[in-house]
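The chain contents come next:
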Amino acid sequence: MEPSELERFEAVVLPHLDAAYSLARYLTRNDDDAQDVVQDAYLRALKYFGGFRGGASERGDGRAWLLAIVRNTAYTWQRRHRGDALATEFDEELHSDAVAEQHPASALERDAARQALHRALDRLPRELREVIVLRELEGLSYKEIGDVTGVPIGTVMSRLSRARRRLHEALGAEPEGG
Amino acid sequence: MTHREIELQLDAYVDGELASEDARELETHLKECRECARRHEARVALSAAIRQHVPAFRAPDALRRRVRTAVRDAAGAPPSRRVLPPVAARWLALAASLALVAVGSWRLGTSRAGEDALAGQVLASHVRSLMPGHLTDVISSDQHTVKPWFNGKLDFSPQVYDFAGRGFPLIGGRLDYVGGRAVAALVYGRRQHLINVLLWPATRGSVSGPGVATRQGYHLLHWTTPDYVYWVVSDLGLAELHDFAQLLQQADAAASGPGTARPPP
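Protein chains in written order, with the numbering used here: chain A, 1 to 178; chain Z, 1 to 265.
With the rest of the complex left out, here is chain A (with noise of 0.2 Å):
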């Protein structure tokens, strides 16, 4: 690869690596997987960086190229290392009765409402759960939210719907009609 090229990845690509392991780690729900998934999707982002066409100006598409690359690398890893993957990871520290006797009760109500949504989050399919992750965390618009994850729009929107939908059960509101 040209030098100019290698830079103009490292100016496009790399600045979302943050952006990459966090959808990653969502979609594993496991760190070591999710690093070894940011890894891998880098690699063939590189291999294919000569397709990609957007500038260093459109961050914004570098992103979404990006987060594409690394939900199907991370579909492909899962088909591959089915049992480990399938494992949720379970935060030792917030469920620990130790470290809840010392909040105040604010603190813990906190910690219940933040364990009650990873938690529901967790349960969802990963393809409600990665329309949330993409919305809500990384701010993508339903257009770029159909490029990561290869659907029409109208499927971005019934999807994040119906994923709002089972959070907000989930979270102990009564359940909506329609």
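Hints may be right or wrong, so weigh each one.
[Said to hold, decoys possible] Okay, the calculated bits of chain A under chain Z, using three or more residues with CB under 8 Å as the criterion: (1) 6-15; (2) 127-139.
[What the hints assert, rightly or not] One-sided and incomplete, this derived list gives chain Z residues near chain A with beta-carbon spacing under 7 Å: (3) L8; (4) L26; (5) L63; (6) V67; (7) R215.
If you are wondering where the hints come from, they were derived from the structure by calculation, not from laboratory data.
No experiment lies behind these values; they were computed from the predicted model shown.
Using N, Cα and C, we set each Cβ at its ideal position, and we do this for glycine too.
Position chain Z against the provided structure of chain A, taking the given hints into account.
Okay, now just chain Z, sitting in the frame of chain A:
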């Protein structure tokens, strides 16, 4: 329209993805239908809860190094130690400052590198807020609507002022995540410009500022009162931004009452 269709539209509306004509129609419906209005509120609250409680993970430093090395190896580039290209140098500086943030947000107020990292995050928050549908979680020019909106969403209750009379109308507020914690973001307007004010409780009452930074054409002002850390960011001219900051500081000093706070220098 069926309830299911309305629900679909509601999500797109909350995300700022509904065409303006449909959005107006939906707004009319929300005024008439209490059930849908309740559902709308629940959706906004859910989004806020997700943003507050579900963190975006930060890549571990080891992974950063690993990816960089793997990419350089695969690209057949020499592992340049002596002369870093400017882009790589900037990337390393960024990685280093992010690592500092990871060490602990309590150090941010005191360390220069921490301040740089915070400025980066504040700027990112501002730029993100300018993308469609990201500016506000609560839209109101009424400070008495915006202030209570934050209740229960943050572990503090931010002061909210409206400076419409001085040419800086309040536009709304939202939750954001900066420096490793949930913060209040208040949005003000000035002609066609937008100003983001980010604030969170100060630690150990260390007063400082105001500091000024300019990045990518945006100006950032920040200061710390005994109660709060403030960051103000906008593409507005620096002089006008200083005027705005002064209004904010005066209002804040007046609101804090005697004995609890001094106006910052």
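**Prompt:** In ascending order, which of the hints set out earlier in this document are inconsistent with the structure?
**Reply:** Hints 4 and 7 contradicted; others consistent.
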